[in-house]
Amino acid sequence: METMHKFNTIKTFIEEILITVVLVQALVFIKDIHDETVKKRRRATRKPYSRSIVGATLEVIQKKRSEKPEVRDAAREAALREIKERIKKTKDDKKAKKAQLLAKTQKTQTKGNVPRGPKGPKLGGGGGKR
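In UniProt numbering, the protein residues as written are 1 to 130.
Calculated directly from the structure, the hints in this document are not laboratory data.
Do not take every clue at face value.
[Unchecked claim] Keeping only pairs whose Cα atoms sit at most 20 Å apart, straight-line, the calculated SDA-like set for lysine to any residue is:
#, residue 1, residue 2
1, Lys47, Phe29
2, Lys91, Thr108
3, Lys95, Thr105
4, Lys84, Ala74
5, Lys6, Leu18
6, Lys88, Lys98
7, Lys68, Leu58
8, Lys89, Glu77
9, Lys97, Ile87
10, Lys129, Lys119
11, Lys88, Gln100
12, Lys95, Ala79
13, Lys47, Ile61
14, Lys64, Leu80
15, Lys91, Leu80
16, Lys68, Lys84
17, Lys64, Arg43
18, Lys64, Lys84
19, Lys89, Ala78
20, Lys98, Thr108
[To be verified] The calculated label-pair distances, taken between Cβ atoms and stated as ranges, are:
#, residue 1, residue 2, range
21, Arg43, Glu15, 45 to 51 Å
22, Thr57, Glu85, 29 to 35 Å
23, Ile53, Ala103, 49 to 55 Å
24, Thr45, Lys11, 55 to 61 Å
Here a beta-carbon is modelled for each residue, glycine too, at the ideal position from N, C-alpha and C.
Whenever a hint applies, use it, and build me the whole structure from the sequences.
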């Protein structure tokens, strides 16, 4: 009976060792998988750098970037003033043309209004979808 007891204790001891070894191996395997999924390659952040684009060389871009805000504001106001003047000029031109057209139409109306007859029926159907 005593030998059986020794055998059982040895067997349980070996089983405990095997179980712990298997568990440790499983945990290590799981940890490796976890590290693979979590660790991703980080991209290095790119530092912004200037380069020329179509219509502007690098020197022009750097000059505009380095100029003072007062200069920018003055240039902006000058551009706005020029645009407003152009709009005003076109409005004046339109008014002058309108006045000429009104004068012409008044001359033609004084010659005599000829009464028109009633319009005829429209031809061509409804013009709908169907």
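Quick rundown of the hints versus the structure:
no.	hint	verdict
1	Lys47 to Phe29	violated (39 Å)
2	Lys91 to Thr108	violated (26 Å)
3	Lys95 to Thr105	holds (15 Å)
4	Lys84 to Ala74	holds (15 Å)
5	Lys6 to Leu18	holds (18 Å)
6	Lys88 to Lys98	holds (15 Å)
7	Lys68 to Leu58	holds (18 Å)
8	Lys89 to Glu77	holds (18 Å)
9	Lys97 to Ile87	holds (15 Å)
10	Lys129 to Lys119	violated (26 Å)
11	Lys88 to Gln100	holds (19 Å)
12	Lys95 to Ala79	violated (25 Å)
13	Lys47 to Ile61	holds (18 Å)
14	Lys64 to Leu80	holds (18 Å)
15	Lys91 to Leu80	holds (17 Å)
16	Lys68 to Lys84	violated (25 Å)
17	Lys64 to Arg43	violated (32 Å)
18	Lys64 to Lys84	violated (24 Å)
19	Lys89 to Ala78	holds (16 Å)
20	Lys98 to Thr108	holds (15 Å)
21	Arg43 to Glu15: 45 to 51 Å	holds (49 Å)
22	Thr57 to Glu85: 29 to 35 Å	holds (30 Å)
23	Ile53 to Ala103: 49 to 55 Å	holds (52 Å)
24	Thr45 to Lys11: 55 to 61 Å	holds (60 Å)
Violated hints for the displayed structure, listed by number in ascending order: 1, 2, 10, 12, 16, 17, 18.
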